[in-house]
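Chain B is already provided as a structure; the job is to place chain C on it using the hints.
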Amino acid sequence: GESVGLHLPTLSVQEGDNSIINCAYSNSASDYFIWYKQESGKGPQFIIDIRSNMDKRQGQRVTVLLNKTVKHLSLQIAATQPGDSAVYFCAENVGQGGKLIFGQGTELSVKP
Amino acid sequence: DAGVTQSPTHLIKTRGQHVTLRCSPISGHKSVSWYQQVLGQGPQFIFQYYEKEERGRGNFPDRFSARQFPNYSSELNVNALLLGDSALYLCASSLGAKAHYGYTFGSGTRLTVV
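Going line by line, the protein sequences match chains B and C.
So in the working numbering, spot 81 of the first sequence is number 81, and the numbers just go up one at a time.
So in the working numbering, spot 18 of the second sequence is number 18, and the numbers just go up one at a time.
Please note: incorrect hints may appear among the correct ones.
List of simulated lysine-lysine pairs, DSSO-like, C-alpha gap at most 30 Å [what the hints assert, rightly or not]:
no., chain 1, residue 1, chain 2, residue 2
1, C, K13, B, K56
2, C, K30, B, K42
3, B, K42, C, K52
4, C, K52, C, K98
5, B, K71, C, K13
6, B, K42, B, K71
7, C, K98, B, K68
8, B, K42, C, K98
9, C, K30, C, K52
10, B, K56, C, K98
11, B, K71, B, K56
In silico negatives: residues of chain B with every beta carbon more than 12 Å from chain C [unchecked claim]:
no., residue
12, K56
13, T69
14, S85
15, L100
16, I101
17, K111
No wet-lab data here; the hints were simulated from the structure.
Note that the structure is a prediction, hence the values are computed from the model and not measured.
All C-beta atoms in this analysis are idealised placements derived from N, C-alpha and C, irrespective of residue type, glycine included.
Next comes chain B alone, as it looks inside the complex (with noise of 0.2 Å):
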């Protein structure tokens, strides 16, 4: 399928260390990609995206960088909270149309 990811990784950080996410996307093609937070019972929200002609994009506390090269994306949080705590994806995005492909999604743990 599209979306891979039966066994979900983990990341467990300490609060106020930093986070990186990282994900590997599929197609070469993509030219837009999102982080998406998903917590417990809810739907994903939106943190912050990248087009394919930029490198790097900061947003408050966090960071996407774009290795177009190696196919890879990297979500860095700054200080993490133990709010950050939840599943995050990666989506990419193809031309003109509105069909997101999301990778296999990270479970952040944050310990207080």
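Positioned in the frame of chain B, the structure of chain C alone reads:
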């Protein structure tokens, strides 16, 4: 402002039955997309509707169908339910048909097929 509203929040159906899931987009949003999220996996694209026309369809069987109404709300219908249809069904609304407009997801409908 109300977010994306989905109903019902939970339901249980028997194999072979039919189900209709409903979605009300954010006011002013003209695009609605449907995703299926199986436990432990990322959402998978089912349909996108924009201005009442189908704009995209994912790799789902014909048992899955959808439509969008003049008020931009949408229904997802699934016929002849299978156990494997058990999942969280997510609706996402957007101003336009292209992904860069940004999607707002609802909290989903949890469907259990027994």
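Hints violated by the structure (listed by number, smallest first): Hint check: 1, 5, 15, 16 fail, others pass.
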